[in-house]
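Chemist: Residue numbers (our numbering), protein chains in the order written: chain X, 1 to 258; chain L, 1 to 258; chain P, 1 to 258; chain S, 1 to 258.
The reader is advised that the hints may include incorrect statements.
Because identical chains cannot be distinguished in the list, a pair is counted as satisfied if it fits within a single copy or across any two copies.
Once the Cα atoms are required to be at most 30 Å apart in a straight line, the calculated DSS-like pairs of lysine-lysine come out as [what the hints assert, rightly or not]:
hint: 1; residue 1: 20; residue 2: 117
hint: 2; residue 1: 129; residue 2: 204
hint: 3; residue 1: 103; residue 2: 206
hint: 4; residue 1: 174; residue 2: 103
hint: 5; residue 1: 214; residue 2: 20
hint: 6; residue 1: 174; residue 2: 214
hint: 7; residue 1: 204; residue 2: 96
hint: 8; residue 1: 244; residue 2: 103
hint: 9; residue 1: 174; residue 2: 117
hint: 10; residue 1: 173; residue 2: 204
hint: 11; residue 1: 206; residue 2: 96
hint: 12; residue 1: 204; residue 2: 107
hint: 13; residue 1: 107; residue 2: 244
hint: 14; residue 1: 129; residue 2: 45
hint: 15; residue 1: 45; residue 2: 117
hint: 16; residue 1: 173; residue 2: 244
hint: 17; residue 1: 173; residue 2: 162
hint: 18; residue 1: 244; residue 2: 117
hint: 19; residue 1: 174; residue 2: 107
hint: 20; residue 1: 214; residue 2: 103
hint: 21; residue 1: 244; residue 2: 45
hint: 22; residue 1: 162; residue 2: 107
hint: 23; residue 1: 108; residue 2: 162
Note that these hints are calculated values from the structure, not bench results.
4 protein chains.
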Amino acid sequence: MIQMTLIQIDNYGPWTVTPKPRNESDIQILQAELFADVQRQFAAKKGLVFFTRFDNMLAITNGINREDHFRIQRSIRNRFPITISMGVGTGETPYKAQKLATKALQKKGGAQSAERKETLAIDSLVDEKDSYIQIAHIDINGITETLTDNEPAFDTNFIVNKAQHYLMTKLIKKGALLFFIGGDNFMSPCNGLSPQELIDIIEKIKEEIGISHKAGIGRSNNAEDAAYLSDLGLETIREGNNNKIVHILEDETSKKII
Amino acid sequence: MIQMTLIQIDNYGPWTVTPKPRNESDIQILQAELFADVQRQFAAKKGLVFFTRFDNMLAITNGINREDHFRIQRSIRNRFPITISMGVGTGETPYKAQKLATKALQKKGGAQSAERKETLAIDSLVDEKDSYIQIAHIDINGITETLTDNEPAFDTNFIVNKAQHYLMTKLIKKGALLFFIGGDNFMSPCNGLSPQELIDIIEKIKEEIGISHKAGIGRSNNAEDAAYLSDLGLETIREGNNNKIVHILEDETSKKII
Amino acid sequence: MIQMTLIQIDNYGPWTVTPKPRNESDIQILQAELFADVQRQFAAKKGLVFFTRFDNMLAITNGINREDHFRIQRSIRNRFPITISMGVGTGETPYKAQKLATKALQKKGGAQSAERKETLAIDSLVDEKDSYIQIAHIDINGITETLTDNEPAFDTNFIVNKAQHYLMTKLIKKGALLFFIGGDNFMSPCNGLSPQELIDIIEKIKEEIGISHKAGIGRSNNAEDAAYLSDLGLETIREGNNNKIVHILEDETSKKII
Amino acid sequence: MIQMTLIQIDNYGPWTVTPKPRNESDIQILQAELFADVQRQFAAKKGLVFFTRFDNMLAITNGINREDHFRIQRSIRNRFPITISMGVGTGETPYKAQKLATKALQKKGGAQSAERKETLAIDSLVDEKDSYIQIAHIDINGITETLTDNEPAFDTNFIVNKAQHYLMTKLIKKGALLFFIGGDNFMSPCNGLSPQELIDIIEKIKEEIGISHKAGIGRSNNAEDAAYLSDLGLETIREGNNNKIVHILEDETSKKII
Chain X
1 MIQMTLIQID NYGPWTVTPK PRNESDIQIL QAELFADVQR QFAAKKGLVF
51 FTRFDNMLAI TNGINREDHF RIQRSIRNRF PITISMGVGT GETPYKAQKL
101 ATKALQKKGG AQSAERKETL AIDSLVDEKD SYIQIAHIDI NGITETLTDN
151 EPAFDTNFIV NKAQHYLMTK LIKKGALLFF IGGDNFMSPC NGLSPQELID
201 IIEKIKEEIG ISHKAGIGRS NNAEDAAYLS DLGLETIREG NNNKIVHILE
251 DETSKKII
Chain L
1 MIQMTLIQID NYGPWTVTPK PRNESDIQIL QAELFADVQR QFAAKKGLVF
51 FTRFDNMLAI TNGINREDHF RIQRSIRNRF PITISMGVGT GETPYKAQKL
101 ATKALQKKGG AQSAERKETL AIDSLVDEKD SYIQIAHIDI NGITETLTDN
151 EPAFDTNFIV NKAQHYLMTK LIKKGALLFF IGGDNFMSPC NGLSPQELID
201 IIEKIKEEIG ISHKAGIGRS NNAEDAAYLS DLGLETIREG NNNKIVHILE
251 DETSKKII
Chain P
1 MIQMTLIQID NYGPWTVTPK PRNESDIQIL QAELFADVQR QFAAKKGLVF
51 FTRFDNMLAI TNGINREDHF RIQRSIRNRF PITISMGVGT GETPYKAQKL
101 ATKALQKKGG AQSAERKETL AIDSLVDEKD SYIQIAHIDI NGITETLTDN
151 EPAFDTNFIV NKAQHYLMTK LIKKGALLFF IGGDNFMSPC NGLSPQELID
201 IIEKIKEEIG ISHKAGIGRS NNAEDAAYLS DLGLETIREG NNNKIVHILE
251 DETSKKII
Chain S
1 MIQMTLIQID NYGPWTVTPK PRNESDIQIL QAELFADVQR QFAAKKGLVF
51 FTRFDNMLAI TNGINREDHF RIQRSIRNRF PITISMGVGT GETPYKAQKL
101 ATKALQKKGG AQSAERKETL AIDSLVDEKD SYIQIAHIDI NGITETLTDN
151 EPAFDTNFIV NKAQHYLMTK LIKKGALLFF IGGDNFMSPC NGLSPQELID
201 IIEKIKEEIG ISHKAGIGRS NNAEDAAYLS DLGLETIREG NNNKIVHILE
251 DETSKKII
């Protein structure tokens, strides 16, 4: 079971234009620093946050309880001009977990409701014994040589965004999520996705748009270790210098559970 | 003429996995803080940075000279574990400007070259009298009501990413760039794009994928003011509560030049 | 028993001037952000860091174990241009605890040794059942009215520094430490100091230099709660609007232990 | 003429305890990040900020005008839960400059006034042609060997604080200010202080408390360069390995003016 948290800035849209539009660079800094900050706090408990839309962030939070979430909300309130609400859900797939997390929060009021503030809506938390996360770290083959060092920066960015769009479209159907994490890298929380299904998706995308990917898959009972194992898996393929598409690594904690 | 700067982390890929993969949350924090930091520094001179791929960022930098760029590189070297190189270019369209910026930097060595470090490659700088920037701030109509407050967070994210992909695909053909700036917001540096061309693109996307956008267009001789005017333009449409698709605002500095 | 950690930047002096002196503002930002960063990470585990000399920081770390310390070192290495070593010690008084923490680290090599890097030297850790912290939050009476709003800013700063110097001089003899925490506020980890001893010190300082203080004392098994109770104690005196010098609050965890 | 800016958090004391005391670690992070942030923004214009009391900071701001100050206030308002007011003054000595800066601000209302918010009170600005700054960078001789590597961390901190107190006491009488900048380092904006006067102060302190200092003095028309030259001056003494107490460096901009 994977546990996901939706982190939502309270009533943010109106704030950004009250009393008149705030300076765009300030908004960008605020959003980046808020992401960095909640990342650091969830990471202290082995969670992992994805920036998503910045005003709505999704995090893998297995092992992180109600008090931990509350402490993070308090800390943000004390240092930022905005506050955050959170919804927490769990599921056999990341898609289901974030869906329940979202629903729990939506029930408490809208994102632009002036009343809902610092809500912590927990649908469910994963028990330690059921905690299991599968993450795929996916990158684009040979991007530095073919794109970054040869094409205009925006064209490379366009290709990466295109890859993201195709990966998202196919993974969401399998209950897996996909997040851009910088460079040519994506992370996909993907409990329930089989390695063969991922290989099929990667091969299909190569066929459709000519972009080749590879992926390390990591499995653990916490996000930090699952992500790390997926990184190691990707490194193993890079070093192997072969045409392998997927490499799986798992730790002791993940061997018995799904 | 618009001036754009490509900001590239030196030899970053290898660094992230040496001696072994670095903790993913640390990488995410590092990237977000680097973006926030260069944003703050360029913003002090009325520039505007887009996070793009985080290891490669694009910025509008009209009015920012060689020494300013150099000082930012020095400041990053003193406070981060990585260094940055930059390329600067100018053009009648943002696409051309970033292309020249990229080329200038590529000539000095690859992104993963161990030799190239803290390079500042300037193809050209915009003269004050030719300085002109057009920015469109585009958002999705009614997203909070229809999506954020009703759909799972990742589905909303998926829709926003889809909109981004379609906008990018069409704008790049017109020499305009498109960057996601959080929430349901995009910024498009778009010198040379006519308001009617933008309306056509927005209407075509509505037809193709059923997502409606609106846009404020701002024009000035610096990125900060152009962005601000585009924000005001968008607010004007929101307040008008009509079906207007585009609203243009420009300041004194931008009236004579293109 | 209180547990203290000495956090020391490795080989920092030489780094600040290699190859030539680094820009002073960058050094100041680096130091402030390093402090904010380790603060945030220790705080996630209910610790509390004092900036001390910035290149050497002291923290109260009851309840924070070897792995926690290691994870913080790793995180700093991944995001800063410098690394940190740490020493950990425990004692009946804060003075003894920091002394053992320092000794443990000194044994591993000097602060400017090129060899010693990311050392984690643990003399001892406090057991949960022995964990006890007493903190005094001390401020200067009526500073806003008499000084901030009437005297030149530097004169007020001078008075605060003078108060700090006198408080430090007297507290250190009792095994208590004193840290400036901004404004007119000081925090004194002071296990073993009796309320009457603190009252005597405050009265003696008033006699000697004419500066009046008051103090809230908090007691708990972790730094966060002890500090919070000391804040509440101070608020109680402020609200009482009387001439009380010290107010003590303690929680359940601290009632049986010293 | 030196120009100094007093940066004061508006109505901060009450904020820290409303509705109840805020978590101490959050307060510490907020203060450190605010300092880092205004530092970065003033530094973009070659200014230099000293953390002073954190809720009241003093900065050397020659060359930084009304609009620059206003833009920094706006930027803080958009990203922090607090706002800042500023006073600006100029003088033949730093003491006079900060005194006028403070007075200008005090006239607009108290630090804890609920009405005064984001005030920018400018007594005067330095003309480019009169701009002149003298900074002394002072450190303690041989501190790593004698103290950091041998004494308990807090004892070293105590010695550094004692040195600060003695330096402040003597320098203020000469119209010079003194700020602790980390480690064993102090910076003294000291227009009008002669090198011999500084030597006398250093020798007197050695006599009184047995602590030896040395100092680099830098002179320029902006704070960044003056501070850099003072760093270089200190390095020159360190490398000379002699008993020199003061070394002066100045650039072209500072040769004619005082």
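Chemist: Evaluate each hint against the coordinates.
Modeler: Against the structure, the hints:
{"no.": "1", "hint": "20 / 117", "in the structure": "both (22 Å within a copy, 18 Å between copies)"}
{"no.": "2", "hint": "129 / 204", "in the structure": "neither (36 Å within a copy, 51 Å between copies)"}
{"no.": "3", "hint": "103 / 206", "in the structure": "between (35 Å within a copy, 28 Å between copies)"}
{"no.": "4", "hint": "174 / 103", "in the structure": "within (20 Å within a copy, 40 Å between copies)"}
{"no.": "5", "hint": "214 / 20", "in the structure": "between (46 Å within a copy, 18 Å between copies)"}
{"no.": "6", "hint": "174 / 214", "in the structure": "within (18 Å within a copy, 33 Å between copies)"}
{"no.": "7", "hint": "204 / 96", "in the structure": "within (25 Å within a copy, 33 Å between copies)"}
{"no.": "8", "hint": "244 / 103", "in the structure": "neither (39 Å within a copy, 33 Å between copies)"}
{"no.": "9", "hint": "174 / 117", "in the structure": "neither (34 Å within a copy, 43 Å between copies)"}
{"no.": "10", "hint": "173 / 204", "in the structure": "both (14 Å within a copy, 26 Å between copies)"}
{"no.": "11", "hint": "206 / 96", "in the structure": "both (28 Å within a copy, 29 Å between copies)"}
{"no.": "12", "hint": "204 / 107", "in the structure": "neither (38 Å within a copy, 35 Å between copies)"}
{"no.": "13", "hint": "107 / 244", "in the structure": "neither (45 Å within a copy, 33 Å between copies)"}
{"no.": "14", "hint": "129 / 45", "in the structure": "both (17 Å within a copy, 23 Å between copies)"}
{"no.": "15", "hint": "45 / 117", "in the structure": "both (24 Å within a copy, 25 Å between copies)"}
{"no.": "16", "hint": "173 / 244", "in the structure": "within (24 Å within a copy, 35 Å between copies)"}
{"no.": "17", "hint": "173 / 162", "in the structure": "both (18 Å within a copy, 15 Å between copies)"}
{"no.": "18", "hint": "244 / 117", "in the structure": "neither (48 Å within a copy, 33 Å between copies)"}
{"no.": "19", "hint": "174 / 107", "in the structure": "within (26 Å within a copy, 43 Å between copies)"}
{"no.": "20", "hint": "214 / 103", "in the structure": "between (33 Å within a copy, 28 Å between copies)"}
{"no.": "21", "hint": "244 / 45", "in the structure": "neither (33 Å within a copy, 41 Å between copies)"}
{"no.": "22", "hint": "162 / 107", "in the structure": "between (34 Å within a copy, 26 Å between copies)"}
{"no.": "23", "hint": "108 / 162", "in the structure": "between (35 Å within a copy, 28 Å between copies)"}
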